[in-house]
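K.L.:
Given chain C, put chain E in place with the hints provided.
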Amino acid sequence: MSTPATLLPAPTGLARIGPEEVGILADFSHAFAASLDVGETLRRAVVQIAEHMNAEAAAVFLVDHVAGDIVCRACAGPVDVVGLRVQAGRGIVGRAIAENRVQMVRDTALDPDHLGDQGGFHTRSILCAPLDTADGAIGALQVLNKRDGALFDSHDANVLRLLAVPTALALNNARLTRELVEQNRIKREFQLARQMQKTLLPARRRDFPVTALNLPAREISGDFYDYFEVADGRIAFCLGDVAGKGMDAALLMVRASSCLRWVGKDGTPPGEWLTRVNRELSETVTRGMFVCAVAGYYDPRTSMIEMANAGFPPLLLRRGDESMRELRADGPPLGILGDYGYNSERLALAGGCLYAFSDGVTDVRGPDRKPIGIEGVRALVDRVSGLSPRARVRAIVGHLRKMSLADDTTLMLIADDAAPSRYLGGLAGSSDPENLRLVRRKVAELTLDLGFDECQRQRIVLAVDEAVANVIRHAYAGCCDGRVELSIWLDPDAVRFELRDYASPVDPDKIRPRDLSECRPGGLGVNLIDTVMDRWLFRHPDDGAGNQLTMIKRLP
Amino acid sequence: MSDVNDCSTEDNQGVRLVRVRGEVDLSWSQRLRKSVLEALASNKPVAVDLSAVTYIDSSGIAALVEGFQNARGKSQRFSLVAVSKPVHAVLELARLDRVFPIFASLEDAVK
Numbered sequence: 001m002s003t004p005a006t007l008l009p010a011p012t013g014l015a016r017i018g019p020e021e022v023g024i025l026a027d028f029s030h031a032f033a034a035s036l037d038v039g040e041t042l043r044r045a046v047v048q049i050a051e052h053m054n055a056e057a058a059a060v061f062l063v064d065h066v067a068g069d070i071v072c073r074a075c076a077g078p079v080d081v082v083g084l085r086v087q088a089g090r091g092i093v094g095r096a097i098a099e100n101r102v103q104m105v106r107d108t109a110l111d112p113d114h115l116g117d118q119g120g121f122h123t124r125s126i127l128c129a130p131l132d133t134a135d136g137a138i139g140a141l142q143v144l145n146k147r148d149g150a151l152f153d154s155h156d157a158n159v160l161r162l163l164a165v166p167t168a169l170a171l172n173n174a175r176l177t178r179e180l181v182e183q184n185r186i187k188r189e190f191q192l193a194r195q196m197q198k199t200l201l202p203a204r205r206r207d208f209p210v211t212a213l214n215l216p217a218r219e220i221s222g223d224f225y226d227y228f229e230v231a232d233g234r235i236a237f238c239l240g241d242v243a244g245k246g247m248d249a250a251l252l253m254v255r256a257s258s259c260l261r262w263v264g265k266d267g268t269p270p271g272e273w274l275t276r277v278n279r280e281l282s283e284t285v286t287r288g289m290f291v292c293a294v295a296g297y298y299d300p301r302t303s304m305i306e307m308a309n310a311g312f313p314p315l316l317l318r319r320g321d322e323s324m325r326e327l328r329a330d331g332p333p334l335g336i337l338g339d340y341g342y343n344s345e346r347l348a349l350a351g352g353c354l355y356a357f358s359d360g361v362t363d364v365r366g367p368d369r370k371p372i373g374i375e376g377v378r379a380l381v382d383r384v385s386g387l388s389p390r391a392r393v394r395a396i397v398g399h400l401r402k403m404s405l406a407d408d409t410t411l412m413l414i415a416d417d418a419a420p421s422r423y424l425g426g427l428a429g430s431s432d433p434e435n436l437r438l439v440r441r442k443v444a445e446l447t448l449d450l451g452f453d454e455c456q457r458q459r460i461v462l463a464v465d466e467a468v469a470n471v472i473r474h475a476y477a478g479c480c481d482g483r484v485e486l487s488i489w490l491d492p493d494a495v496r497f498e499l500r501d502y503a504s505p506v507d508p509d510k511i512r513p514r515d516l517s518e519c520r521p522g523g524l525g526v527n528l529i530d531t532v533m534d535r536w537l538f539r540h541p542d543d544g545a546g547n548q549l550t551m552i553k554r555l556p
Numbered sequence: 001m002s003d004v005n006d007c008s009t010e011d012n013q014g015v016r017l018v019r020v021r022g023e024v025d026l027s028w029s030q031r032l033r034k035s036v037l038e039a040l041a042s043n044k045p046v047a048v049d050l051s052a053v054t055y056i057d058s059s060g061i062a063a064l065v066e067g068f069q070n071a072r073g074k075s076q077r078f079s080l081v082a083v084s085k086p087v088h089a090v091l092e093l094a095r096l097d098r099v100f101p102i103f104a105s106l107e108d109a110v111k
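Protein sequence lines, in the order shown, are assigned to chains C and E.
Per this note's numbering, residue 1 is the first one in the first sequence, and the count goes up by one each step.
Per this note's numbering, residue 1 is the first one in the second sequence, and the count goes up by one each step.
It is possible that part of the hints are untrue.
[Claimed, not checked] With a Cα cut of at most 30 Å, we get these calculated DSS-like pairs of lysine-lysine: (1) E/K85 / C/K442; (2) C/K370 / C/K265; (3) E/K111 / E/K34; (4) E/K44 / E/K111; (5) C/K510 / E/K34; (6) C/K198 / C/K402.
No lab work stands behind these hints, which were simulated from the structure alone.
For reference, chain C alone in the conformation it holds in the complex:
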């Protein structure tokens, strides 16, 4: 014998491939293309290969990425070796795959890589071609012992290489199909997980001081919130953000939220509440994962809040006097320092509202592509503060959605400023400038006993007149038969004017007070409104038609 193994030179073309080979190639390709069962087709293919190559045995080996070895998937010959596993890189088959080249071993006794005989079958010579794909060799096609003691030659090698092509293609297609099916299955699982997560969030309750909303960045969320009444009449609340946003974060979210609910149900003081949950999570959570959370109680009878904060972004407390306070975390996130003791903090809501936002809110990018940060959130809170708590949540989410949300986004409001408003009166009519006089009379009359002095009242009348005039002039473009509705409400600390029209929606960004330093006619109206009123908010009403302007003047 000459050399134990011959590494074939680069393909020399198919000049020596005869009509017979082309025939079997066509049969092969057709069998794979027509069959949905690649396993069965492979089993028939190896029989054909052995027959055609005049070999005593043939086999298909595939790389098993999970086990990290090579396994026989189909064979033909006297000994069944299906399921036989070979370590990656070992044996002639391992070499063919590792080098991605055809191996021809004419005398196995002389090749140190030959692994020995299987089940009494003596292997004398081997021809092995890799199953090559775009991702490299996924396996190999192997024939053993040419019949009648002959030796495999380079023609056999070319034929085997040729047959390996449709085999590799078929196996690759089958793999991609399996992966696609798997992906679809995972997608369905994620949808189920999302539905399951949603059921963990508390149902929205009307006329309840706590309102919250979660917008997941993907199917599932690493954010959670919860609120429930405890036995003594206080309302427990918690809000959390698990690091990461994959399935691992979602599973930890489920665990963290159950833990928080379990401990909070007993009315445990917030500091101890978080201390206990932290101890539990630190013992079990995978290293590198953690949960930022805030938990506490709101007592509707005293308007007091007691809470503790574990690494959660600053909460904002907006009081009735419009002052705004940032409440920062007093301890690290849960799951990092198991023996950390968290402190409770007490604060009076005093007619105000507590806003909690996950970092998905502060990380929202504004038109300048920079995160809006806590300053942006403060501005947002100021902007919506004239609305009811639920409308505030919706308005904030509306603003956030206009920007680019990258992370799970959750917000919670605890509102002590949701005291019922009293309807003072109002009027509805057509957008005829002649009606402005009636508007002024009505506003003057309804603001008479609210404690404003004469000068303040005249200014309020002017601001409302300007607002209605703007509706007539701009929203209805001077057309006199549009509908205008004005309603006046007495809130706990302010008088509120709600002006509604049914004209085409006006871009809220176009309504801005102008610079007074330039002297020119026109554009003054918004400026007067802005100067006279303490707050005003222009938006598109929830029912979709027209425009709504809310103007708020604090009581003296």
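P.N.:
Leaving out everything else, chain E in the frame of chain C:
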């Protein structure tokens, strides 16, 4: 408080005087604008008497601002005289009380 809006023009002490009365809002400010611009066309000094104006909104103010700018463009005198308290309050609010020449009476304006 008069319910009757009125706008009249007369020549008085060499000045074309526009007398306005009533409530100047969007329904009526075009009338004020027209009177002011017509008075300015005479090329005489123009004064607007606002003593009988019980209410003015930004559309009325805009008519006055337009008159003021128009006069300044051709170096014509334009002043507001006997400005009523409600009008003064709005001028102040719009920070225009220092922009217009304002006089207590027509006599002061022609001095």
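K.L.:
I'd like to know which numbered hints this structure contradicts. Please list them from smallest to largest.
P.N.:
Violated: hint 2 alone.
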